[in-house]
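A.B. asks: Okay, here's what each chain looks like letter by letter:
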Amino acid sequence: MPAKTKYRLAVAGLSLGLLLTGWVALGLGPVTLSYPLDPFQKKILFGLRLPRIILSILVGAALAVTGVLFQGLFRNPLADPYILGTSSGAALGATLALYYDLNFQIFGLSARPLFAFAGALLATALVFSLGRHRNYPAVAHLLLAGIAVSAFFAAVTSLMLFFRREEMEKIVFWQMGGFAYARWAEVQVMIPYLAGAFLYSRSLATELNLLLLGEEKAHQLGLAVVPFQRRIVLTASLLVAAAVSVSGPIGFVGMVAPHMVRLFLGPDHRVLLPVSALAGGLLLLLADTLARTLLSPVELPVGVLTSFIGGPFFLYLLRKNRLAPE
Amino acid sequence: MVDQFAFALDVEGLSFCYGEKALLEEVSFRVPVQGFTGLIGPNGSGKTTLLRCLNKALTPTRGRVLVAGRELSGLKVKDLARMMGVVPQQWEANFPFTVEELVMMGRFPHWPAFGRAGQDDRAIVREAMLATKTWSLAKRPVTELSGGECQRVLLAQALAQTPRLLLLDEPTSHLDVSQTLEICELLTKLIREKGLTVLAVFHDLNLAARYCHDLIMLKEGKIYAQGSPNKVLTPENLAAVFGVKAVIQADPVLKKPYLLFFPMEERASQQEGQESQE
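Heads up: the protein sequence lines correspond to chains A and B, in order.
Per my numbering, numbering through the first sequence is continuous, rising by one, with the last residue being 326.
Per my numbering, numbering through the second sequence is continuous, rising by one, with the last residue being 278.
Quick caveat, the hints were computed from the structure, so don't treat them as lab data.
Only true hints are included.
One side of the interface only, derived from the structure: several residues of chain A facing chain B at Cβ under 7 Å:
(1) S203
(2) L210
(3) L212
(4) H219
(5) Q220
(6) L221
(7) G222
(8) A224
(9) P267
Everything numeric in this text was worked out from a predicted model, so none of it was measured.
Glycine is no exception: its CB is placed at the ideal position from the N, C-alpha and C atoms.
Kindly generate the complete structure, drawing on both the sequences and the hints.
C.D. replies: Take a look at the structure:
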């Protein structure tokens with residue numbers, strides 16, 4: 001099958017999947033809907049379920065795009081969106097908001113997501129400035145700085161929790177990731193970031209392909225490698241910071257969605273970026289729908305579910321791929 | 001188009017230091033347009049470092065480089081890639097692009113931002129692949145190529161850049177005899193017909209002697225000798241730079257120098273003598 005046909009099929013199939021799953025997910029929940037809708041049901045449907053569905057798709061897409069960007073940057077299909085310490089920064093921010101019991105709102109957002117966003121950006125900025133070492137080999141330095149900053153931020157978070165044990169449950173729950181607090185305000189935050197970063201990252205696709213050939217070869221083909229890497233880090237960091245601030249750190253989607261797409265459609269970023277965004281959105285919507293219906297009315301943390309299902313499925317794909325005769 | 005410059009590459013007093021260590025010292029040479037210059041020297045003599053300085057992967061500590069009459073330090077990486085193609089000695093494919101996709105990436109420096117491949121690009125890519133006999137590999141993933149196939153694909157990619165100047169780092173190290181000759185003949189043909197200029201690292205001195213117009217012989221980061229193969233490939237130079245005893249004959253067909261190598265017996269016996277004295 002020609003690559004173009006495969007690409008179109010993937011886009012069409014995933015879009016259809018998103019619409020269908022979204023439609024089904026709207027009807028699922030502890031409150032059963034009956035037509036015509038009464039005001040209470042309308043509130044459930046449009047004030048709770050719809051923003052939650054949209055937000056899970058947006059966050060899934062953002063995580064998948066970030067995964068693609070970092071996997072391209074590190075030339076490693078196992079890089080995940082939190083590789084540069086973003087989630088540890090966000091966790092510290094969220095913990096700070098809890099620790100000082102901050103209660104204010106800006107643009108309809110409460111203190112916790114705002115602090116999480118600030119923490120995520122702070123961690124990435126730290127990693128980025130620490131990881132700069134002349135020009136060479138900047139990427140390895142970034143990786144090491146990411147590990148060090150993550151460990152440090154996690155330690156500060158733990159220390160704060162040690163002194164405020166009564167908040168421990170809240171922050172642990174936050175760190176599992178989820179959409180229980182998803183409202184339209186969060187959707188409004190995500191849309192500009194995702195739209196901007198997504199359009200911009202599509203313009204990076206050709207250059208990302210070059211980068212996969214190695215920094216030296218990319219340079220020989222005319223790519224100014226270091227400025228380009230800087231652009232990727234900034235784009236990806238903003239995107240993942242926005243995602244983690246509205247939903248907490250949700251694992252696996254950002255790594256597994258691009259990887260699955262790559263197995264079926266190859267490494268070309270012009271295909272990988274848009275299809276991974278759709279796949280990530282669909283995966284997280286499915287996971288969140290399961291998370292809130294499996295043990296209804298009890299909600300499972302969606303991050304637990306993505307890893308629980310994603311882990312074995314990922315292993316299955318890897319094994320199948322390795323054993324394939326081709 | 002008439003070239004405004006006589007030299008495709010003009011290097012003056014180039015030095016490159018890594019920390020305290022000088023890897024290249026006061027290297028000066030010129031490669032004329034349509035020249036075929038060979039870079040020879042033992043391992044660690046600075047050949048690859050020199051190529052990397054010339055393609056801006058490294059910044060020289062001192063010295064000046066002109067590429068087609070333009071100052072290298074003032075050229076953007078993308079502008080340079082339109083003028084200069086580089087074929088590395090080793091390259092490992094980690095991601096399964098097809099051969100055609102890989103060669104198409106050679107067109108990148110010609111695209112504006114947000115640009116994409118057009119009909120012209122496809123025609124140029126096809127021509128480069130036919131010339132290097134890689135067209136039959138077009139749909140194969142690059143991760144499945146043999147060393148020799150990979151080397152020819154990389155040459156195709158560099159040719160797709162439509163450069164004026166080609167830098168090659170041991171372009172034939174993974175090729176068999178007939179492929180080696182084919183690549184050298186192809187380079188000669190491109191020089192003659194397309195006005196290309198070539199600077200290539202060679203380990204095979206006979207190959208260098210046969211195809212290159214000029215040779216640059218490096219020893220410990222300095223130019224030990226440069227000029228025509230007859231002038232550079234003398235028994236004295238080969239003994240001093242490579243530490244081998246060379247017998248030089250004339251190739252009966254092409255009248256080029258043809259070298260036979262022997263170990264330096266005297267030195268070996270001298271060393272033995274010293275050891276026995278101790």
